[in-house]
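S.K.: Here is how the chains run, residue by residue.
2 protein chains.
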Amino acid sequence: MSENKNILVGQSGGPTCAINSSLAGVVETAHIKFPDSIVYGMLNGIQGLLKERYVDMADQVKSSLDIELLKRTPSSFLGSCRYKLPEIEQDEETYKKIFEVIDKLEVGHFFYIGGNDSMDTIKKLSDYAKKIGHACHFIGVPKTVDNDLMITDHCPGFGSAAKFIGTVTKELIKDALVYERKTVTIVEVMGRNAGWLTGATALSRGSDCAGPDMIYLPEKAFDTEAFLNKVDALLKERNSLLIAVSEGIKLADGTFVCDIAKSNEGTDAFGHTQLAGAAKVLADMVKSKFGCTTRAVEINTLQRCASHFASATDLDEAYAAGAAAVRKSFSGETAKMIVLNRMSDEPYLCGTDAYDINCISNLEKVVPEGWICDEGTNVTEEFIDYLRPLIRGEVTPYMDDGIPRHLSLKL
Amino acid sequence: MSENKNILVGQSGGPTCAINSSLAGVVETAHIKFPDSIVYGMLNGIQGLLKERYVDMADQVKSSLDIELLKRTPSSFLGSCRYKLPEIEQDEETYKKIFEVIDKLEVGHFFYIGGNDSMDTIKKLSDYAKKIGHACHFIGVPKTVDNDLMITDHCPGFGSAAKFIGTVTKELIKDALVYERKTVTIVEVMGRNAGWLTGATALSRGSDCAGPDMIYLPEKAFDTEAFLNKVDALLKERNSLLIAVSEGIKLADGTFVCDIAKSNEGTDAFGHTQLAGAAKVLADMVKSKFGCTTRAVEINTLQRCASHFASATDLDEAYAAGAAAVRKSFSGETAKMIVLNRMSDEPYLCGTDAYDINCISNLEKVVPEGWICDEGTNVTEEFIDYLRPLIRGEVTPYMDDGIPRHLSLKL
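Listed in order, the protein sequences are those of chains B and L. Just so you know, the numbering used here puts 210 at position 210 of the first sequence, and the rest follows in order with no gaps. Just so you know, the numbering used here puts 300 at position 300 of the second sequence, and the rest follows in order with no gaps.
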């Protein structure tokens, strides 16, 4: 069959600050290099595509200003989904439906911007295309604040989250230092299995800030007794401690720290088990043991959507990944994910390439053992050297009377 | 007795993004206009002064760069305290001690940057000076994210907090919109008695964002049934709701919403009553009633220390308030607080003046009844017109390899 020339792009999984910059990279590159191709944006990812919900991106992005606004807009411009495609053998109908839409729209290039599950989608769709001999190209564009995709040096979205986390950790440390009383602040950071984001709290360290007193990643078993002993020792030296923990820290027996409270059957006003976060559980523990003031701070959703303070390096690389997807697909590649290849730290040099999706989908990259130190309470200089270039540079928001302006979907 | 020429300045109460800008205003104005006066900074406010802990600000701030860094440094540069002076009749010794230090350092001008309790300190110290015939001048410089001081149009520190809250509310709304499922996000904002900060979530409204679906301030009794009915009705219209609530919202009988959970004796792993925030309590309630996805987001400490995104108007006014305190004191005023006088909204014109401390200390300004609308679920355009000028302008942080740089105390 003949090659279709149109493009279909979607976004999937949790939003980030950078996912729309990748979309901008796809759209602008296609509009400039392949002006005869229509770029369709699927709404709410594959789930929306199955209902034939899509837009023509030319109606959404009409100027350079729109492109710049799109780059600075947090969350998924096209909407997202958490939808895992069935195995081909179990439910071929779903695939038939998707390829019907692909053919109807004359799509030859399919881009999906997302994390692990999205790469599974690219893998399955390219497998199916191969099976039925369909010429459509399928390329994944990496996106995840969790930074847990294989092969790529790092993931677009991670740098901006790391920059925000490093910055607010520094601000929280300053805030916690003001009183003379003993205070323990526990900051909880996203990351169920991988501690990349929690390690980014170490970026607060510098000549004007001591950084967190301890950092606990989910890669190492959490030892409650050692933790309390270290808090005790440090409280004798200074008034204010700040401790960073991943939401996913676990005891040696596999129990999540955030689940410890469950065992005592604490319930809320409606009879539900109260699920405190790991920070809250540890703050209560410290308060109970030492009687000092404690504070549990969840950086929560803000760490993935604070586009008002995004990393310029991150948004540029996210854009480049989108642009590379278009170039690679039009040069004949399929069943690949765009990866970022770091060539050097100082000066920081990083390029894009495309890599076999089968080596990436459904795998998870955690922080290397050698980058965790001080008996699991800190990260090494090597970790920080890895992080540093990813947070460099600021992206000035386009301000509208004191508040950042975003690009909105026009339906 | 002869007039002392030196200056003593302190910071008290909760930190903000702007409190160090007021300190910069005091220090730079004094150094330029009254170069013969030494500016002492008391460490940890009055509490530190009683232990004779202070620094010479000339050792801390040595260049224009230091002044600019100080303005951009969150939290209280000199440390803070929560210390309420005793009544003069009950404990004259404390006053004698303070005035001993004042005389020892030859201080003729005493500035205290803080909120309500700090203004009480200024009132009592000036009362005592009058009683003993001491010539030292006492001037308060307003500072509070809560914006609840009387007489002044608004308080330094509030504008930056409002800008951050408006911005992250917008980012959270975008983040919550991406999925097709029914989702209710409840955002909790600081403000035990006054809803100024919670009202600032309305700043997210614009041509590119619908803003919060409901806004609940502590000034109005919270009606649980009406709340659930409104959630029900809105969920029939759209997928994603975002509701902003003050931490201090109360039922008509005076029970804090955050205390509702207590009645069921929910306890944590250590037998403590779990104090969930108001957002968590309401999110649980909505989940229980409607079964939809809910998310409770506390903006928490970040709203008062996010100096990486401060309002230029706020930092400028905080500086101007510090500078005005020096000028007023040297022109003979005492027992006053600096107030901001707004002369017009558009163009925004605002000046400084000094006002009798007795009309300010120990009083609290809440949001006027007329600025709350839609049966207590929204704020009026008048409220937003009041807020808007206070968040205008950005202050670019001085960046150090991707992270904002601050000024640190040298001891």
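These are computed hints drawn from the structure, not numbers from a lab. Each hint should be verified, as a subset may be incorrect.
Since the list gives no way to pick one copy over another, a pair counts as held whenever it fits inside one copy or between any two copies.
Result set (DSS-like, lysine-lysine): computed pairs, CA atoms no more than 30 angstroms apart in a straight line [what the hints assert, rightly or not]: (1) Lys-84 to Lys-289; (2) Lys-230 to Lys-33; (3) Lys-62 to Lys-84; (4) Lys-104 to Lys-250; (5) Lys-97 to Lys-250; (6) Lys-287 to Lys-62; (7) Lys-104 to Lys-5; (8) Lys-62 to Lys-236; (9) Lys-5 to Lys-287; (10) Lys-51 to Lys-5; (11) Lys-182 to Lys-97; (12) Lys-287 to Lys-131; (13) Lys-62 to Lys-131; (14) Lys-250 to Lys-287; (15) Lys-410 to Lys-236.
This structure is a prediction, so every number in the text was calculated from the model and none was measured.
S.K.: With reference to the structure, classify each hint as holding or not holding.
M.R.: For each hint, the structure was consulted:
1. Lys-84 to Lys-289: between (45 angstroms within a copy, 29 angstroms between copies)
2. Lys-230 to Lys-33: neither (58 angstroms within a copy, 50 angstroms between copies)
3. Lys-62 to Lys-84: Neither. Shortest intra-copy (33 angstroms) and inter-copy (60 angstroms) distances fail the 30 angstroms Cα cut-off.
4. Lys-104 to Lys-250: neither (49 angstroms within a copy, 56 angstroms between copies)
5. Lys-97 to Lys-250: neither (42 angstroms within a copy, 52 angstroms between copies)
6. Lys-287 to Lys-62: For Lys-287 and Lys-62, the Cα distance exceeds 30 angstroms both inside one copy (56 angstroms) and across copies (41 angstroms).
7. Lys-104 to Lys-5: Within one copy only: 12 angstroms inside, 84 angstroms across.
8. Lys-62 to Lys-236: neither (61 angstroms within a copy, 33 angstroms between copies)
9. Lys-5 to Lys-287: neither (63 angstroms within a copy, 46 angstroms between copies)
10. Lys-51 to Lys-5: within (22 angstroms within a copy, 77 angstroms between copies)
11. Lys-182 to Lys-97: Classified as between; 26 angstroms across copies, 62 angstroms inside a copy.
12. Lys-287 to Lys-131: Neither: 60 angstroms inside a copy, 44 angstroms across copies.
13. Lys-62 to Lys-131: The answer is neither: 38 angstroms in one copy and 72 angstroms across copies each exceed 30 angstroms.
14. Lys-250 to Lys-287: This pair counts as both: shortest intra-copy Cα distance 20 angstroms, inter-copy 27 angstroms.
15. Lys-410 to Lys-236: between (58 angstroms within a copy, 22 angstroms between copies)
Checked against the numbered hints above, the structure violates hints 2, 3, 4, 5, 6, 8, 9, 12, 13; every other hint is satisfied.
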